[in-house]
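Trainee: Protein chains in written order, with the working numbering: chain A, 1 to 294; chain B, 295 to 547; chain C, 548 to 910.
Hints were generated in silico from the structure; no laboratory data involved. Hints should not be assumed to be uniformly reliable.
As the list claims (entries may be wrong) - Cut-off 20 Å, straight-line C-alpha distance, at most; resulting in silico cross-link-like pairs (PhoX-like, lysine-lysine):
hint	chain 1	residue 1	chain 2	residue 2
1	A	84	A	177
2	B	371	B	355
3	A	32	A	288
4	B	450	B	431
5	B	355	B	465
6	B	355	B	322
7	C	885	A	288
8	C	672	A	84
9	B	385	B	322
10	A	32	C	672
11	B	321	B	465
12	A	258	C	885
13	C	716	A	281
14	C	672	C	783
15	A	288	A	177
16	B	348	B	371
17	A	177	A	165
18	C	783	B	371
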Amino acid sequence: MSFISYLINGISLGSIYAIIALGYTMVYGIAKMLNFAHGDVIMVGAYVVFTTVSTLGLPPALGIVLATVACTLLGITIERVAYKPLRNAVSPLAVLITAIGVSYFLQNVALLVFGAGTKSFTSVVPLEALELAGGELVISGVTIVTIITGIIIMVCLTLFVNKSKAGQAMLAVSEDKGAAQLMGINVNGTIALTFAIGSALAAVAGLLLCSAYPSLTPYTGAMPGIKAFVAAVFGGIGSIPGAMIGGILLGIIEILGKAYISSQMADAIVFAVLIVVLLVKPTGILGKNIQEKV
Amino acid sequence: MSLLEVNNLTISFGGLRAVDGFQLQIKKGQLYGLIGPNGAGKTTVFNLLTGVYKPNEGIVKLDGQDITGLRTIEINKAGIARTFQNIRLFKELTVLDNVKVGLHNHYHYNTIEGILRLPRYHRVEREMNERAMELLKVFGLDNEADFLASNLPYGKQRKLEIARALATNPKLLLLDEPAAGMNPNETGELMDMIRFVRDEFQMTVLLIEHDMKLVSGICEELTVLNFGRVLTQGETATVLNDPQVITAYLGED
Amino acid sequence: MKNLKLNKIRNHDFITYLMVLIAFLIAGILSVTGQMSSLMEGLLVPLCIYVMLAISLNLTVGILGELSLGHAGFMCVGAFSGAFFSKCLDGAIPDGLRFFIALLIGAAVAGMFGILIGIPVLRLKGDYLAIVTLAFGEIIKNLVNVLYIGRDEDGFHFSMKDSISLNLKPEGEVIINGAQGITGTPNDSSFLIGAILIFISLIIILNLIHSRDGRAIMSIRDNRIAAESVGINITKYKLMAFSISAAIAGVAGVLYAHNLSTLTASPKNFGYNMSIMILVFVVLGGIGNIRGSIIAAVILTLLPELLRGLSDYRMLIYAVVLIAMMLFNWSPGAIEWKERMKEQYFSKFPFRKDDKNMKKEVK
Chain A
1 MSFISYLING ISLGSIYAII ALGYTMVYGI AKMLNFAHGD VIMVGAYVVF TTVSTLGLPP
61 ALGIVLATVA CTLLGITIER VAYKPLRNAV SPLAVLITAI GVSYFLQNVA LLVFGAGTKS
121 FTSVVPLEAL ELAGGELVIS GVTIVTIITG IIIMVCLTLF VNKSKAGQAM LAVSEDKGAA
181 QLMGINVNGT IALTFAIGSA LAAVAGLLLC SAYPSLTPYT GAMPGIKAFV AAVFGGIGSI
241 PGAMIGGILL GIIEILGKAY ISSQMADAIV FAVLIVVLLV KPTGILGKNI QEKV
Chain B
295 MSLLEVNNLT ISFGGLRAVD GFQLQIKKGQ LYGLIGPNGA GKTTVFNLLT GVYKPNEGIV
355 KLDGQDITGL RTIEINKAGI ARTFQNIRLF KELTVLDNVK VGLHNHYHYN TIEGILRLPR
415 YHRVEREMNE RAMELLKVFG LDNEADFLAS NLPYGKQRKL EIARALATNP KLLLLDEPAA
475 GMNPNETGEL MDMIRFVRDE FQMTVLLIEH DMKLVSGICE ELTVLNFGRV LTQGETATVL
535 NDPQVITAYL GED
Chain C
548 MKNLKLNKIR NHDFITYLMV LIAFLIAGIL SVTGQMSSLM EGLLVPLCIY VMLAISLNLT
608 VGILGELSLG HAGFMCVGAF SGAFFSKCLD GAIPDGLRFF IALLIGAAVA GMFGILIGIP
668 VLRLKGDYLA IVTLAFGEII KNLVNVLYIG RDEDGFHFSM KDSISLNLKP EGEVIINGAQ
728 GITGTPNDSS FLIGAILIFI SLIIILNLIH SRDGRAIMSI RDNRIAAESV GINITKYKLM
788 AFSISAAIAG VAGVLYAHNL STLTASPKNF GYNMSIMILV FVVLGGIGNI RGSIIAAVIL
848 TLLPELLRGL SDYRMLIYAV VLIAMMLFNW SPGAIEWKER MKEQYFSKFP FRKDDKNMKK
908 EVK
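Chain A with its partners taken away, still in its complex shape (with noise of 0.2 Å):
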């Protein structure tokens, strides 16, 4: 019993790994940047869920709604300003450290607004535990919704792709962007799109994260977004079913990995999978291999 109650836990985790890593893939594969502040715009979702309801009293949804459209536009703000100027950057690392320096700025600027004390974060899910198999089994209200919420997600956002017109701008941006333009898609837009998307979707991870994990502080978001992005290269970077399986794997792994192997080892035992994965299979699970033509 013990086994699948662990399972249980991983898939959520892990439904809350594949949220963010989508975030992390749907960026990567349209503006080909890690974009290393995602882990923060969940934090700053967190912290405004948090101000909602635990400090204003208002009701939750509303906590939901205002941490979703705050994110989104904070993801907006982000890619017009930082991002943006240098998409045409002679090195590819230029972005990842103006990226870095995003992550430090919302860091900081939630250490001043709320402090650095841990904020203990009240769930915002009203449902109650469900007991299976005589009490034996207990799956909190929590994992529950944070499994059905991330299945809803990953069926909508692939609809989305592959269904809708601005989807599919999306998968032409991110298989040659000159050609995007040519056939007339926009292209700036497009890219503040995904941004958006990511971001809510951060928004929403966040507040999954904090029911579940409920202690907020300005760095809650950095280990959850590196253990998200490893999740996207694990299931091959760029792309949105790969995230999702990558994500949903890794929160196993690791639920098991400390059941099972050892608590504090937890996190050099994802690490590991990740490397002997890329190393079989060097492009991750559902990556693309492309191979340079001579």
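Following the hints, complete the assembly by docking chains B and C onto the known chain A.
Mentor: Relative to the frame of chain A, chains B and C by itself:
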């Protein structure tokens, strides 16, 4: 005996036979042309000869030595050097250093001697500089030795690539469209230069080229490739007047 | 012509050495005459450490052209192996000799890790390589945190669980105590030694760049396929650059360990955040520009301290300055604007004709 002997060379990419049963004999000191319409598999042949791709079938012998399926660097050490259709220079290195990288395997001192600048470092570096400058002079690049390779005009970049390939002291030089992007004047110079290289270094040259003036001007023998197969082989004048060849080109264009 | 070029390289490197020497002398005089605040004095050794980390990472990122996000891992390996050695032989051999050997051990162990990690990692490309180096760095940090080594009359005892399972005799001593790390490492580091180590690292890196091996490494960076086609052994030279870079980071680690009485591996000192900070030095100073790395490391280390008066705002300002500098230095728009300004205001001065052809890779 021929310097290069290729038999039944074949490679498929996902069911498509890009090169199929290719065969070729080049005698030492020959200027040999490989021509054919776009997409015929000429560059693929070069990639097979230099170990970028491993052939599915066939044998490649250089100077009697079987080099089939060896790695690129082993093939270079065995004596084949090449240039690339889309120029591949070491852009952030100087013109001189580009050639010195080509000399790499012929001049030795170890890492410690290099870091501590022991006498052998100074001596060998001086020898390398002299040798590299000699090569650059042949191609009229000696005045640009200090320039970054990326700052050279296009025609000179092509020449530098040949100089770098020659620096590895090959037996066989493969040139992939050396005249591409050159004006008629530069092409003329290039033809003289290729002849000069052959005579001066006793080099054997196999080249891919679309410029028929260059091909008919310097190549002694030709192989025509079409759809991955050898269409015809023989002396330049005979091949170029072959109706099959004319159809292959006109049909394609 | 060629002599001219050799002179140019020598001048270029000479300026770098001179700059470090002058900076060392100024800081040394200020420190000796008591003109320097104790805060600044405490920063002198860390400055040396950051400079060494920055120039060594530049060897991987700028000269070899591979993005590594695990540099702090090599520093960690060096720090722990060096401190372990010093702890074991404390009092047994003269202090100076012991520290010297500790530095060599740190270099050797980190260099070895560089080779071990480099063999699988360097087959990957670009962002994949970056994430795997990050993963290795995190694994190293994580493993060090669960490593227990003790010593008693029977010899050394190892454990990955806790200090009790070392089964030490009562008089035995725990040397590496898991997350508590190593305590009581002799305080051997000094600004002078740090400066000497910077000089040695500079000589190694700059001379390597201008040697046969350095050219091979840079040729791989510029065009791997062409490098292979002229017979350059890609794996050998990638590993060479990567392990030399790791070894210098290891030495920086030893310096770090002997500057503190307690050495622990935390996300702050050996985590990916540190690797990223070093990368920031490298990119801001100019990729492949060794002198730039030194300047960037010094400025960015001092900046938060100089802003200390602004207390809470200092890291925020640091972040803003970082973003602004990146945008100003790298965005095509800003570069164009700078060119225009230069033309408008400085066009009267005749620039050297070969200015735009100046060597870029040796600054």
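Trainee: Look at each hint and say if it fits the structure.
Mentor: Here is how each hint holds up against the structure:
no.	hint	result
1	A:84 - A:177	holds, 14 Å
2	B:371 - B:355	holds, 14 Å
3	A:32 - A:288	holds, 14 Å
4	B:450 - B:431	holds, 12 Å
5	B:355 - B:465	holds, 12 Å
6	B:355 - B:322	holds, 13 Å
7	C:885 - A:288	violated, 40 Å
8	C:672 - A:84	violated, 25 Å
9	B:385 - B:322	violated, 33 Å
10	A:32 - C:672	holds, 14 Å
11	B:321 - B:465	holds, 11 Å
12	A:258 - C:885	violated, 54 Å
13	C:716 - A:281	violated, 48 Å
14	C:672 - C:783	holds, 16 Å
15	A:288 - A:177	holds, 18 Å
16	B:348 - B:371	holds, 17 Å
17	A:177 - A:165	holds, 16 Å
18	C:783 - B:371	holds, 16 Å
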